[in-house]
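Asks: Next come the chains, spelled out residue by residue.
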Amino acid sequence: MKVESYTYPDSDDVISLPGKISGPLRSQNVLLVFDPGAYRTIIKTSLTDALGYQAGAESKKVATSSVIGKEYGYTLKLQKLSILGFAFADIEVASFDLPEKYAIDGLIGLDLLKKFEILWRHKDRFLEFRLL
Amino acid sequence: MEMKPWKKIKQEYKDQWVAMTEWEEDEHGDVTKGYVAYTNPSQNAFYEYLKGHFPKKDLAVRFTGKVRVPLLFGTAIEEA
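So the protein sequences, as listed, match chains A and B.
FYI, the numbering for the first sequence is 1 to 132, going by this note's numbering.
FYI, the numbering for the second sequence is 1 to 80, going by this note's numbering.
Everything labelled a hint here was simulated from the structure, so no lab data went into it.
Source: prediction; values computed, not measured.
By construction, the Cβ of each residue, glycine as well, lies at the ideal position given by its N, Cα and C atoms.
Honestly, I wouldn't trust all of these hints.
Said to hold, decoys possible - Mimicking DSS-like on lysine-lysine, the simulated pairs with C-alpha atoms at most 25 Å apart in a straight line are:
| id | chain 1 | residue 1 | chain 2 | residue 2 |
| --- | --- | --- | --- | --- |
| 1 | A | 123 | B | 4 |
| 2 | A | 60 | B | 66 |
| 3 | A | 20 | B | 56 |
| 4 | A | 60 | B | 33 |
| 5 | A | 80 | B | 56 |
| 6 | A | 61 | B | 51 |
| 7 | A | 61 | A | 2 |
| 8 | B | 66 | B | 8 |
| 9 | A | 115 | B | 66 |
| 10 | A | 80 | A | 20 |
| 11 | B | 66 | A | 101 |
| 12 | B | 56 | A | 123 |
| 13 | B | 51 | A | 80 |
| 14 | A | 77 | B | 7 |
| 15 | A | 77 | B | 10 |
| 16 | B | 56 | A | 101 |
| 17 | B | 56 | B | 33 |
| 18 | A | 123 | B | 7 |
| 19 | A | 20 | A | 60 |
| 20 | A | 80 | B | 7 |
| 21 | B | 66 | A | 20 |
| 22 | A | 61 | A | 123 |
| 23 | A | 101 | A | 20 |
| 24 | A | 101 | B | 8 |
| 25 | A | 20 | B | 10 |
| 26 | A | 20 | B | 57 |
| 27 | A | 123 | A | 101 |
| 28 | B | 8 | A | 20 |
| 29 | B | 51 | A | 123 |
| 30 | A | 115 | B | 8 |
| 31 | B | 14 | A | 77 |
| 32 | B | 4 | A | 61 |
| 33 | B | 51 | A | 20 |
Said to hold, decoys possible - Computed beta-carbon distance windows for the label pairs:
| id | chain 1 | residue 1 | chain 2 | residue 2 | range |
| --- | --- | --- | --- | --- | --- |
| 34 | A | 3 | B | 42 | 20 to 26 Å |
| 35 | A | 57 | B | 5 | 21 to 27 Å |
| 36 | A | 90 | B | 57 | 32 to 38 Å |
| 37 | A | 132 | B | 41 | 24 to 30 Å |
| 38 | B | 12 | A | 124 | 27 to 33 Å |
| 39 | A | 88 | B | 57 | 22 to 28 Å |
| 40 | B | 14 | A | 24 | 30 to 36 Å |
Assemble the whole structure, with the sequences as input and the hints as a guide.
Replies: This is how it looks when you write it as structure tokens:
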């Protein structure tokens, strides 16, 4: 069983994990927010566009309600999404035009996080991911 | 051009989206140093620029400022 530990920076920023997204045009090393409160992994539309993705016949329209109102987006199947040392091929994510002021490329939600047993020790800024 | 340490890039390009065309990363994928090819404080303008440049070139992208996400994404997503 593959295990990887990660010590995140000592700051009051949200917790982000390094990863990589591969698209038709290029691959990009990114930071994605660790968000167990999100039902689904979300990647910002401007990033998926820049990687060469477009909504296709397989895409579904999706919406999320939040304190900022209702947001609309669509699903995309990514060629590959890697988080830390774990790579997932042909993985479906939601693409939303997230507000620019939050300064994030996307977030890792429960659909991906549930694939792991996760040990989180915040006082040490320590996360350990064990792939189930 | 020489690659700069990530700490120096953060200081030099405050509150900017930074694209690096060459970079070194640690075992987790965190960027440790890189060659800065493009920066922009606006994320949307930044990605709009990347669409027309660096064709088929892998990139590392980071924001050098504070990342603040309010509690708004802790929601289910339904089909619209």
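Asks: Does each hint fit the structure? Answer for all of them.
Replies: Here is how each hint holds up against the structure:
no. : hint                     : verdict
1   : A/123 / B/4              : 31 Å, violated
2   : A/60 / B/66              : 32 Å, violated
3   : A/20 / B/56              : 15 Å, holds
4   : A/60 / B/33              : 39 Å, violated
5   : A/80 / B/56              : 16 Å, holds
6   : A/61 / B/51              : 24 Å, holds
7   : A/61 / A/2               : 34 Å, violated
8   : B/66 / B/8               : 16 Å, holds
9   : A/115 / B/66             : 29 Å, violated
10  : A/80 / A/20              : 8 Å, holds
11  : B/66 / A/101             : 10 Å, holds
12  : B/56 / A/123             : 41 Å, violated
13  : B/51 / A/80              : 19 Å, holds
14  : A/77 / B/7               : 34 Å, violated
15  : A/77 / B/10              : 32 Å, violated
16  : B/56 / A/101             : 28 Å, violated
17  : B/56 / B/33              : 21 Å, holds
18  : A/123 / B/7              : 23 Å, holds
19  : A/20 / A/60              : 23 Å, holds
20  : A/80 / B/7               : 29 Å, violated
21  : B/66 / A/20              : 21 Å, holds
22  : A/61 / A/123             : 40 Å, violated
23  : A/101 / A/20             : 22 Å, holds
24  : A/101 / B/8              : 23 Å, holds
25  : A/20 / B/10              : 20 Å, holds
26  : A/20 / B/57              : 14 Å, holds
27  : A/123 / A/101            : 28 Å, violated
28  : B/8 / A/20               : 23 Å, holds
29  : B/51 / A/123             : 40 Å, violated
30  : A/115 / B/8              : 36 Å, violated
31  : B/14 / A/77              : 33 Å, violated
32  : B/4 / A/61               : 42 Å, violated
33  : B/51 / A/20              : 17 Å, holds
34  : A/3 / B/42: 20 to 26 Å   : 39 Å, violated
35  : A/57 / B/5: 21 to 27 Å   : 45 Å, violated
36  : A/90 / B/57: 32 to 38 Å  : 24 Å, violated
37  : A/132 / B/41: 24 to 30 Å : 40 Å, violated
38  : B/12 / A/124: 27 to 33 Å : 30 Å, holds
39  : A/88 / B/57: 22 to 28 Å  : 23 Å, holds
40  : B/14 / A/24: 30 to 36 Å  : 33 Å, holds
Of the hints listed earlier, those the structure fails to meet are numbers 1, 2, 4, 7, 9, 12, 14, 15, 16, 20, 22, 27, 29, 30, 31, 32, 34, 35, 36, 37, in rising order.
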